[in-house]
Amino acid sequence: MRGLVVLAAAGAACLAWAWSSPAASAPDGDYHLANVWCADGVRANLCERDPSTGEYLVPRGLLRYAGPLGHVCYVGNAGASAGCLREIDATVATQLAPTGRMEFTPEPSAFARVQHVFVGPDIEHSARRMRVANVAVALVALGLLGLLAPAAGSALGLALVVLGAPVGIFFVAAVHPQSWVYSLLPAGWLLADAGLGRWLATRSARWAGVVALGGALMWLAYDARPQDSWLFVGVAVLLLVVRHATAARLDRRVRVALAAVALVTLAELLRRIGGPRGVVDQLSLQGVDGAWNRLTVDAAGAVRDLVAGGNALGSSDVVMPTIVGVLGAVALGVAMAGAHGRMARRAWATFGLLVGLAAYLPWRVGDIGVSGRYVWVLAVIALTYYFLECRAGGVAIAGMPRAARPVVVAAAGLANTFALHAHIRRYVTGSDVAGWNLNRDAEWWWPSGLAPMTTWLLGSAAFALAAGLLVLPERRPT
Amino acid sequence: MIVRIRRIARPAAAVLAAALLALGVVRSERTFTNPMDGDAIPVGYWTVRDLRLAVEAHAGDPAEPARVVLVETGQNASLDPRYEYAWQLVIRGLAPYTTARDAADPADGAATEWYLAHAGDLFTVWDDVFKSGLYAQGAKALLVGTLVVDGATTGERVMYPLNVISPDYDTGDTEIDYTVRPLYPEEYTAEISSLNTFGLEPRTIPFDGRLRLVDVTLLVEPLDVRTLPG
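As given, the protein sequences belong to chains A and B, one line each in that order.
For what it's worth, numbering that gives the first Met the number 0 labels the leading residue of the first sequence as 0, then goes sequentially.
For what it's worth, numbering that gives the first Met the number 0 labels the leading residue of the second sequence as 0, then goes sequentially.
Rather than coming from a laboratory, the hints here were simulated on the basis of the structure.
All of these numbers come straight from a predicted model, not from anything done at the bench.
Where a beta carbon is used, it is the ideal one built from N, C-alpha and C, also for glycine.
Treat the hints with caution; some may be incorrect.
[What the hints assert, rightly or not] Listing some non-contacts, in silico: residues in chain A with all C-beta distances to chain B over 12 Å:
1) 146
2) 200
3) 244
4) 266
5) 459
[Stated by the list, open to error] Only some residues are given here: those of chain A computed to face chain B with a beta carbon under 8 Å:
6) 79
7) 82
8) 85
9) 93
10) 108
11) 237
12) 241
13) 442
14) 443
15) 444
16) 446
17) 453
18) 457
Looking at chain A on its own, in the form it has when it is part of the complex (with noise of 0.2 Å):
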């Protein structure tokens, strides 16, 4: 029933973010958007070719260089508001258009021909339902981690309290593939790995099953954004690999092919890093200054992004406060202290790495931004992986001290509260205007549904709900 109740409040929290921006407002919204458009193919009146030129051509408001006056009108000014939309005709449904990027062929993802489902006449409306549809998607998987595997259910739940506002709740209600790599890997890795440990020491096919169902959502969240999300799953993969190749009463079968995948995996990601050569290379290309600011400046901002927010969020144009960078390193630090009990040297090197790697990656140019948004699943798999191991087998949140969970829940949820407020505030005034009543001067909104600030109350309210029912400790008996 705990669990539910967690599982509603949650998802009530993803909708408050899912409602507290216009469509398109997903870095590169315009571009995802054409894709979602475009996912079944040529289709009159939603996704045509030029027949001189061959350029996909898409409705003219889901465009950003196509404008002036789509649905992406806001873009690039945190000050203006997204009361440009009020300005916009119905040509921007009716009239198609180039999409203005750069040789833009479609990527038909299982997630954009999920989202392609949802497309409808009112690109406002249908953004709407795609961002609905995420968040359910990402509540089905955690539903089910919870089900079947409860204490890394419970590990995952504490990484996502101290790391998932704002930028993952943000991205899990947004329509961005991203959107599925947050919500299906951390789940799908979750599942595998408690279906394989119980595969292993049971050999039921009913967690074979398990294993096969975390393989699938793991296979999902690549699909959706093959160009970064290999290196994420590899990792996934392989610690799959450390965390049951040591198990006991491995037979020999077992152990030649946890290693066959280990060796592979490793293989293929070194292969697409550039091998050691590659690092070496990139750092003799940076020279000492160009590396040393890649450490100090992109590594660093996309680490203090993973808290605080930063231009991670839209289109590089929303402002965070600083408050809710501190509060969320109090959660995320607190948590951490307070869950650890005893880890083995071999969990402190495998959460070294993941570490490391999440540092490193935006430091290295190319497939990865250098945003903290492309590595933030690769922390909340590290932070979810150190909540395992520290207290030998996912009671990272029972092993916390009772004073610290308020600590977290309090930091977290007004964190949460916080950067909801701001992220409301970009769009229905722009980030110039102070106040915290959100509803006055309103300049954009839905057309339906709740206000602005019940928007807020209520998403910070469940928000805050749902850490303090996984955080907070149940009532003693009496």
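Take the given structure of chain A and dock chain B to it, following the hints.
Relative to chain A, chain B alone:
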């Protein structure tokens, strides 16, 4: 005593928080004025089949007739004699979509509208509509615009009840061409006159006369979308 206080502290705090939240929600909903109220949401429908599905979904009750008024808007129009008691109506500067307005009288006065995008191919849209056979004998319509005399606008809004047939589209992306005749008095029924929300007196095209209008709207009598092809 302390034990008792500690026992009730958590439920009391929860109740207080819920009450404050409810108060905030009620106050927020009461005080918020949505800046988007009254703004049309741009929507696009693309085929008459889509239109039928949309209107039927909107109407909800399959027993209720799902009827729409088709509306064309253009920058200007000309009416020239074509042959005996028939004129050529050309509307230029067409909007790139045809508006389909829900014919049901809405309680709040704001009718639901759908847009059939034609993006320069209005004839195809109309052709689909005409395949239904609904307008085989022509469609009753109201042509509304501002009268132009000797090349200068008079500022006078006028309305002509017409029977429009044979829409044609071959003169450019933003033009449509109809053959029209004035409606006979007995054809100017209550249903077609109900489209005259502008309060304009119906006029008759002068015999052998030419007309020039600007800021033009053509409203076509309600059609039942269930009879549309597709």
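message = To test your reading of the hints: which numbers does this structure violate?
response = Violated: hints 5, 6, 10, 11, 12.
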